[in-house]
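Q: Below are the chains, spelled out letter by letter.
2 protein chains.
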Amino acid sequence: MVICNYSHFKSISITPSTNRCRYDTSTPRVPTFRCNSTLNSTQLRAEPEPVFTSVKSFAPATIANLGPGFDFLGCAVDGLGDFVNLRVDPDVCPGEISISDIHGTGTSVKKLSKNPLWNCAGIAAISVMRRLGIRSVGLSLSLEKGLPLGSGLGSSAASAAAAAVAVNEIFGGKLPVSELVLAGLDSEQKVSGYHADNVAPAIMGGFVLIRSYEPLDIIRLTFPTEKELYFVLVSPEFEAPTKKMRAVLPKEIQMSDHVWNCSKAGALVASVLQGDLRGLGSALSSDKIVEPKRAPLIPGMEAVKRAAMEAGAFGCTISGAGPTAVAVANDEERGREIGHRMVDAFMNDGNLKASAVVSKLDRVGARVISSSSR
Amino acid sequence: MVICNYSHFKSISITPSTNRCRYDTSTPRVPTFRCNSTLNSTQLRAEPEPVFTSVKSFAPATIANLGPGFDFLGCAVDGLGDFVNLRVDPDVCPGEISISDIHGTGTSVKKLSKNPLWNCAGIAAISVMRRLGIRSVGLSLSLEKGLPLGSGLGSSAASAAAAAVAVNEIFGGKLPVSELVLAGLDSEQKVSGYHADNVAPAIMGGFVLIRSYEPLDIIRLTFPTEKELYFVLVSPEFEAPTKKMRAVLPKEIQMSDHVWNCSKAGALVASVLQGDLRGLGSALSSDKIVEPKRAPLIPGMEAVKRAAMEAGAFGCTISGAGPTAVAVANDEERGREIGHRMVDAFMNDGNLKASAVVSKLDRVGARVISSSSR
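Just so you know, the sequences run in chain order X and R. 15 is the number that my numbering gives to position 15 of the first sequence; each next residue is one higher, with no gaps. 1282 is the number that my numbering gives to position 282 of the second sequence; each next residue is one higher, with no gaps.
These aren't lab readings, by the way, just hints derived from the structure by calculation. Do not take every clue at face value.
[To be verified] Straight-line alpha carbon distances no greater than 30 Å define the calculated DSSO-like cross-link-like pairs of lysine-lysine that follow:
#: 1; chain 1: X; residue 1: Lys114; chain 2: X; residue 2: Lys251
#: 2; chain 1: R; residue 1: Lys1251; chain 2: X; residue 2: Lys251
#: 3; chain 1: R; residue 1: Lys1251; chain 2: X; residue 2: Lys243
[Said to hold, decoys possible] Stretches of chain X that chain R covers, calculated by requiring three or more beta carbons in the stretch to come under 8 Å of a beta carbon on chain R:
#: 4; stretch: 205–211
#: 5; stretch: 249–256
Think of the CB as a built atom: it goes at the ideal place given N, C-alpha and C, for glycine as much as any other residue.
Whole structure, please, built from the sequences with the hints as guidance.
A: As structure tokens, then:
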């Protein structure tokens, strides 16, 4: 038995489906799991029927730990992300989900488990099924990774968000966004810790502030639509040592640094809402607590930041826990030039190959790409 | 000689005016002081002439350390404040200022020095004269204290702000607001520490975020004009032990508390800009770092906060360093009821008499009330 938290208040038990279900044809099958939650009130709701036979969804990459916004500020970026193909599958036991396929360009995709209990998309899908009270329909999920693993671009959150939206949509979209975020958070908790600053923007789009975790309370921060905002994302070929990245975080913080970061976080929020790109960049660059500890663990990062600023970026910091560096600009062409300089700096100072992408803010979040009723 | 910083970058020396000036009538005079800054470039500007013979100004009370906004978030409240009467005085040596009179309702007013170098209004006035390069005109200042000292309502900042605006105005208002804030900060630094979250809103009005101290960089946070916002200010008859109030501040902060306060500060900024009074109140109440240390030093404060919330306040915290408690409401009548309950709680739990005032946000800041050319 594996315990899987479906929210931060309650836990439910999820048991491996060892008994064959009635659809079982006795051929070997990929592992499927069922939420063993018959006593929960959610289950007593009328069970929704599938509205579609299949749904394809997408969820964008995200930048968490935005400068001084460690663990509570994140945003979504367009053009990069993960896809989920979900279908009603009579070969899967009712109330269960199976992961039929995982593919993507990076070699790291092979690391991903097809066991839904150990896969970000699977955990989020199970959580949504549970919240909807699905007992009579089995689902099959195919995951298409557009994001590399462990890059600091919210790869796990994108998979979870795409899966959550797909499962909700196939049953008529009955759950509100807040429930989808909770489902995504179930997944994040399992794979990378109980933080919502990737999965909330991956689902909601735009900038998101986590006001509270208990209960989960999220504010959408709308960057003015008439303003241009480009993210320059530069990912080196380097595996950020996750354990070290966590271990290096200070447990205690000087009061003066606290006030500094706190005021910069406030300034970042104000800059987003006021569409002040210069202020946003300045605040993004100003973290005195997390970035100074983590940057030295990513070869070349400090030089990359300097290069970005010298090339005209408004600000630059580590995306998530890295190793991707993110800079901001108000012009696509300038963004590309900044990207070149950052790539060069990774090579010259860190001896790392890197690639750059210039993306806009994704204001939509996880979305349905297509759906089919037959 | 007394050193008086005129900005946080440079210091100037201010010397007691021991030599009689040409206007001296040899009668005993209140002490006057001159900025000894002949070498500074500011002085090389064309000296402005007085546009008025007298000016009366007002500056509002302010709430600093707004909840999780310790040292960087403050706002101005209307209806309470200090007045300054300023006039060109041929009996005062050119380039000097004299404090002719200080009066007000509270007994604590007697504690205030008429020596301009040791008086908030005097220091700010000297700083503005210096910034304008005033060498040929002497000024006389009368201070009318509407705010009690040491109440946590920005009494010293209001005096400084009113004086700064009056001196600037009498010479034609040539200095920008940013310079007036720096002048006010010179005063605050001398009397209560280098923090701008009282004096910036006292001069600028509304909500103000201090983005940086070096260099000073301030963001105005506009609370939507169509929204109602009432502050319930309840001041007990109690002298908050300033030294203890400072000594009790933690030097180091747990990472989890830092993230908590930081996210609440971000939420407070967002709530102000979005006009979300419920969010504003919630964030205001959420400080885990400063308020829990200071509240126990103000008899009854914890009960007062509870009483405010039970009476329907959206939030409640300590104003500045106390002892005033501030709660927020969206209705004046409700605000008065909340005030009664808070006064009762101060008496019942802290054995302290207290008085309540319900004020709106002051959106204007320090202003000229009247001026005369002859």
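Q: For each hint, tell me whether it holds in the structure or not.
A: Results for each hint:
Only pairs whose Cα atoms come within 30 Å are accepted, and X:Lys114 paired with X:Lys251 is rejected, the gap being roughly 36 Å. A distance of roughly 13 Å separates the Cα atoms of R:Lys1251 and X:Lys251; the hinted pair therefore holds under the 30 Å criterion. Pair hint R:Lys1251 plus X:Lys243 holds up; C-alpha atoms about 28 Å apart against a cutoff of 30 Å. Judged by the Cβ-Cβ criterion of 8 Å, the stretch 205–211 of chain X is covered by chain R as claimed, because 3 of its residues qualify and three suffice.
Check on the stretch 249–256 of chain X: 7 of its residues sit with their Cβ under 8 Å from a Cβ of chain R, so the three-residue criterion for coverage holds.
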